[in-house]
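> Residues per chain are reported as follows:
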Amino acid sequence: MTQVPGDAQAAAPRRGLARWIQPVGAVVRGVQLGARTMEVDIRLTGMILALIAIWVGFGFASDGLFLTPRNLYDVSVQSVPVAIMATGMVLVIVSRNIDLSVGSIMGFTAYMMAMTQAQWIPQTLGLGYNGAYIWIVALIVGILLGALIGAIQGGLIAYLEIPSFVVTLGGLLIWRGLIFKVQQGQTIAPMDNTFAILGGNLPQGSIGGLLTWVVGIIICVGIIYALIASRRKRREYGFPVRPQWALVVLMAGGCATVLGAMWAYNSYPLPPLLATKYAVAHAITEPPGGLIIPVGLAAPVLLLGAVTLGMMFLATRRPFGRYVFSIGGNPEAAILAGINTRRTILGTYVLLGILCAIAGAVQAARLDAGVTSTGTGYELLVIAAAVIGGTSFAGGIGTIPGAVLGAVVMQSLKSGMVTIGVDSPMQDVAVGTVLILAVALDAVIQRRAK
Amino acid sequence: MDMATTTQAATAATVVTGAAPLVEMRDIFVAFGGVHAVQDVCVDLRAGEVVGLVGGNGAGKTTLMRALSGAHPADSGEILIDGHPVVIPNPRAAKALGVETIYQTLALAENVDAAANLFLGRELKTRIGSLDDTAMESATRKVIGRLNPNFKNFKTPVVSLSGGQRQAIAISRAIHFNARVLIMDEPTAALGPAETEQVRNVIKQLKSEGIGIFLISHDIHDVFDLADRISVMLHGKLVGTVNKADVTTDEVLGMIIMGKLPNEVTQKELAQLHG
Ligand SMILES: Nc1ncnc2c1ncn2[C@@H]1O[C@H](COP(=O)(O)OP(=O)(O)OP(=O)(O)O)[C@@H](O)[C@H]1O
Ligand SMILES: [Mg+2]
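Protein chains in written order, with numbering that gives the first Met the number 0: chain R, 0 to 449; chain W, 0 to 274.
One or more hints might be untrue.
[As the list claims (entries may be wrong)] 20 Å max Cα-Cα, derived EDC-like pairs, lysine to aspartate or glutamate:
id	chain 1	residue 1	chain 2	residue 2
1	W	Lys-124	R	Glu-235
2	W	Lys-154	R	Glu-38
3	W	Lys-236	W	Glu-208
Honestly, the hints are just simulated from the structure, not real lab data.
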């Protein structure tokens, strides 16, 4: 990375596309340099900046409509199912496989969870609709089913060495088809009241103002503690640590982002109609301007946060995750190192099956029903989220937070285009373009880094 | 592969000097489709001994050693460790028996760093069961530092390291886990003179610690410098095993190229080797 040729080129006049490549290149290099000194992931930093640009851009284009707390609440909730599954898809793609069946598994498990809470427990078993245990039983049924489906598909892939593309393409057809065999594909409703919290619909689907601040503060303490603990440990071993200012910037940036998000959630007041209902239910007299009750963090977003943390822990702090990545880097080396690669591959599919069920639960709760079309076409969104998030089909490369950000980027684009009146086909065109651009930009940066 | 049929008599017959050899491979046979890569090969290794395994390209050296390291189990034949028949169906089994290997291909995961490769499959963990990356990096710095004091890239994926640096990681991985038997398949092929010297020193030290080493090398002088005995292979068969002290480099070259033992070869044939 010498400076001289770049400067020499800059002196020469440039035409057309080349004129734009120079400043873009400068920005990319700036981000790279900053990220390197702060020891943060370059790719993630870039994605966060891109997301901010998308939000600000749509904010202007929609006269502020996009940036209202209400819209951001919706965008965040709508991102959840794809984001949850994308965290698992990362591990599958990293280990050089693919799963095309996630949308169908999500739909199948969602339907079965709906059946459990709206048919089997209350009617078939005659236990009624009011059991406090219903939501958890339904969820466990879904998760076990997801794990079982993942185990069947993963077993065929890992132990019988059937290509994952084939197995999961079959799965895509099988699990979707089976939905129609359960209850002739009727819509199953309504969902249990507690279960419905997972959907994020108001008023029950969020955790309220006070809890939101509590969650925010806990996360901030966690960030600060994690940064300090890892620094102390590296010091103990006498390893180089990032400069103090970078530490402070990271802590401040992290906490500001978290608290900013919590503030945004809390500046979304419960819509007037719901607020009045709340006032009546709690015997409060509404003040003249109406009751202002902060909605707070959406329950499914909190769930996504927990899933993301859990998956990050598995992927980067557990041997399992390390095996997944080394299999992706060099399958032969992983075997020679004594790793049980088959069991590891099986594990990635079981995990993804469970995540599909969790995503299915969120979606069923959001729709307040089990419907046959749940998750149709999601396999492509999930794969796209992982890829936009930096997961490489060559294997061995990808991050969990990247995939979550990828899902949020896609949902932001879609919602943003809705707010400025772009029709649905053009939304697909735009998301498709962004997918290719993200990977192309990656490829260019990678090539330059070499 | 039924190892239980070994008779005690057969074991005793091959033991010349007291205790059983550390490793004994008997009548090893490996085929790939129609290619007989290794046929009826017998080699053995004692504690604190270096056995040089030499032969031309495709002679079957790597294949023979892969049977011992569990990478590709033999089709037939027996492996004995400390005189006891063992089955080595996979690399894990070999490691459990104290057999560590530096593969000719190095067998590194390209996308993770030196420490992750060194501890792959045997990660250090903290009390709560998470990976202890700091401890692994620390150990890695120590063991690689012994081979290559200039190694600094501890946080880089190995794909962007030089051939020699990668080799240093592969060697470090094999010597870090208290191996009893070390298989080194051309360990210095990519190394510079200084690093090669380091590896020679390490081999001598490991030998003095009582570790048995199979050393595959195309550098006949390397082999003469380090090995106690030399086993020569040609076209998948063992030409013979000789004591280094009893032979000249030319005689070993004769074995490698013509497949003739020192007592079978004529002076004229030896002279022709130098063309
Ligand atoms: N995985 C494989 N599949 C098919 N044939 C193989 C395989 N591995 C080795 N062989 C064949 O077995 C024979 C012995 O190969 P091997 O790698 O053991 O030779 P080598 O003595 O290590 O040679 P070199 O000095 O070139 O490393 C060769 O003819 C080779 O083509
Ligand atoms: Mg070889």
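> Now tell me, hint by hint, if it's right for this structure.
Structure-based check of each hint:
1. Restraint check: the Cα-Cα separation between Lys-124 (chain W) and Glu-235 (chain R) comes to about 17 Å, which is no more than 20 Å; the hinted pair holds.
2. Distance restraint check for Lys-154 (chain W) and Glu-38 (chain R): the Cα-Cα separation of roughly 11 Å lies within the 20 Å cut-off, and the hinted pair is therefore satisfied.
3. The hinted pair formed by Lys-236 (chain W) and Glu-208 (chain W) fails the criterion: a straight-line CA distance of about 31 Å is larger than 20 Å.
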